[in-house]
Amino acid sequence: MSPTDDSIADDLIKHVFFDGLMPLAAKLRLDVARTPLIEDSKEQDTYFQRKANQSASPEDFEAVTYQSVEELKQQLRDLWEKQGFSELAELAPTFARIAELLRPTEKQDEEVSPFLYVMF
Amino acid sequence: MSTIVLGISAFYHDSAAAIVRDGEIVACAQEERFSRKKHDPRFPHSAINYCLEEAYIEPAELDAVVFYDNPLLTWDRVVKSCMAGGENSFEQFGKACRSVLGVKMWVQDKVRQTIGSLGKAGRLLFAEHHKAHAASAFYPSPFQRAAVVTLDGVGEWETTTLGMGADNGIEIYKVINYPHSIGLLYSAFTQYCGFKVNSGEYKLMGLAPYGEPTYYTTIRDELIDIKDDGSYRLNTAYLGYLDSLSMTNDNFHRLFGGKPRQPESRITRREMDLAASIQKVVEEVVLRLASHARKETGCSSLVMAGGVALNCVANGELLSKKIFEEIWIQPASGDAGGALGAALLATHVYFGLHRPANDGNRDRQKGSYLGPAYGSAEVEAFLQSRGYPYERITDPDNRARVIAEALAEGKVIGYFQGRMEFGPRALGSRSIIGDPRHPDMLSRVNMKIKFREPFRPLAPSVLLEHVSDYFELEIESPYMLLTAPVREERRIPVDPHAAPEAEGVHGIIRQIRSDIPAVTHVDYSARVHTVHDRQAPEYHRVIEAFRSLTGCAVVVNTSFNVRSEPIVCSPRDAYTCFMRTGIDMLVLEDFLLRREEQPPLPASDEWRNDYEPD
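Going down the list, the protein sequences come from chains A and B. The first sequence begins at 0 in numbering that gives the first Met the number 0 and counts up one residue at a time. The second sequence begins at 0 in numbering that gives the first Met the number 0 and counts up one residue at a time.
These aren't lab readings, by the way, just hints derived from the structure by calculation. One or more hints might be untrue.
Result set (DSS-like, lysine-lysine): computed pairs, CA atoms no more than 30 Å apart in a straight line [claimed, not checked]:
id, chain 1, residue 1, chain 2, residue 2
1, B, K226, A, K50
2, B, K294, A, K50
3, A, K50, B, K321
Covered stretches of chain B, going by a simulated chain A footprint (3 or more residues, C-beta under 8 Å) [said to hold, decoys possible]:
id, region
4, 76-89
5, 92-105
6, 118-130
7, 159-169
8, 174-181
9, 342-352
On the chain A side, residues computed to face chain B include the following (Cβ under 8 Å) [to be verified]:
id, residue
10, I12
11, L23
12, T45
13, F47
14, A55
15, S56
16, V63
17, L87
18, A98
19, R102
We put the beta carbon where it would ideally sit given N, CA and C, even for glycine.
Produce the entire structure from the sequences given, and follow the hints as far as they go.
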């Protein structure tokens, strides 16, 4: 990753966040069923959700298949299309481009944010 | 033909590598032990190289390499979390782009660069995070069938899961997803009490017995709703991690009476009581989850993993309630264990291998002695090349006797022998040991050897055959994952009001609570490590020699490191730690080094700057 790539990545990150995700977040708040992380009611008996793919199966291990930036873009797109988040799927190319710009070169030791490793 | 799988965990905290051959664990190690950076999250180059050497294989001989996490699902969670957080979460989003899109997404590049191969599978395999945790709990356990509970901060989306393992397979039935996480809630209190997230949780647990759960009702009313089945929801209005780089926010601070405690500042009654309160909440969740797991699965055995499973006080409570007949917890329950779990899961699910036969109903974790060992020739070469004076005692009984005599004289010993432990606890391979009968041993070890907070308890290693002479515990605890009360007849009553309030924890610590005061915590509990002669013969021999000499079958066992430093790995690490601290004697395999005979290290405290305070 060169300083130029880093600078382009910064711009793209700002762009996708403020021009992509935030308007989408505002739009989705109108659609309660699809809004991420919305609070549930205390009236339920349980907060557990049933897991979709309960059994560990050989196919699980091959769910991530991308080898190139193009394939990463496609996998992100497919993931969100399958969830019914087509608006997010439209942002997949930008995320893939950011990933490409930030991809470590062989000589570079990866920068892992000391905070981010808490959760990400 | 063998089936050999390399598992890798990285880019969260506690990166690690593990190799499993035909279902048998061959080697596991955390990267921090080699890099000397505590909780090192970076790609585990050195740990991988060690595992390959231990397995005596070339990378091309690997059948598969498997990563313990699905980065696509992690990114899905990041994006949606930031959307929910709004514009305030931009800083978080920016950092996540660099860490996830820029690093984690390209993990297979790192594998290729490190070992030049992706194994015979020709591609990197990916396990789901909590399935890897579940696998790390079930497959090494002694059980053919067991309920499985995993609890951590967060994986891709899941934070808590409940399922079952049977024969070869694992199923996860129910989940709780981010942002609702008992692990992250506990970390929020950890940070608020002035400790570091992902390393300070253990300290918060140790602080809890000093306090009263006066905030329990507030936490239950305002922060978390817990159902009878153990599932729960958090009130995210009080939590900062959704849209900021802090675990807490102003709402949280107002609720608990002010700003967070500054790190390294004086611990007050507030922190003690908060620790006690959140501990009570965690125990409640764990107990309810366990009860529900019993009902759901019908299993009489339970296995657990995920970082919250390292809460040995909650585990002790769980054991005492006898919800399950047997419990087994993965010693490397945090993310390091995910490497092992991923390798085991791939072995038994992807490749379909049957679990190997269980020898005498013991577990398959091999005492968690899964890291590198150093032979006598290597140790001698190291000592001679540096000119460090030593005495070599090759006869094991004689050596044990000399060590026991030193312990009985009140000496503190750095004890280094055999294969390094996998997981956060020292189990007699990389341990600092001492006489638990000395009233000043606790403060001496904390202040002059570990250079750490005075309230931190010390743990006992006890001969298995004598455990119930000292503790209210009838079963093995080989991985120091359970607390149990010191036996009533050994306790010395203390007046809780005798310790001056102004002295805070110091006054409480100085009170003698039993005839093994150094390992008796303020609530008369101990984090017990039982030593089995077959699993740890050398360590058992030393403690037996101590018992013969003194009548006491217990030694103090704390990890061989100073605060903020990873546990020592090599003889050089051990010697350096020995000479930088107040340790009196160093045992390196069959070599004994006495402090007074050693050449002085260059006088400097600058080495402490090498380690970021944890």
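Now for the hints, and whether the structure bears them out:
1. K226/B to K50/A: holds, 18 Å
2. K294/B to K50/A: Holds. K294/B to K50/A sits at ~18 Å (cutoff 30 Å).
3. K50/A to K321/B: Judged against 30 Å, a Cα distance of about 28 Å means the pair holds.
4. 76-89: holds (count 10)
5. 92-105: Check passed, 14 qualifying residues.
6. 118-130: holds (count 7)
7. 159-169: holds (count 5)
8. 174-181: holds (count 6)
9. 342-352: holds (count 5)
10. I12: Cβ of I12/A sits 5 Å from chain B, so the hint holds.
11. L23: Hint holds; L23/A Cβ to chain B Cβ min 7 Å, cut 8 Å.
12. T45: OK, holds: T45/A within 8 Å of chain B, min 5 Å.
13. F47: Hint on F47/A: holds, closest Cβ of chain B at ~4 Å, below 8 Å.
14. A55: Because about 5 Å separates A55/A from the closest Cβ in chain B, which is inside the 8 Å limit, the hint holds.
15. S56: With Cβ-Cβ at 7 Å, under 8 Å, it holds.
16. V63: Holds, about 4 Å.
17. L87: holds, 7 Å
18. A98: holds, 4 Å
19. R102: Hint on R102/A: holds, closest Cβ of chain B at ~5 Å, below 8 Å.
When held up to the earlier numbered hints, the structure conflicts with none and fits them all.
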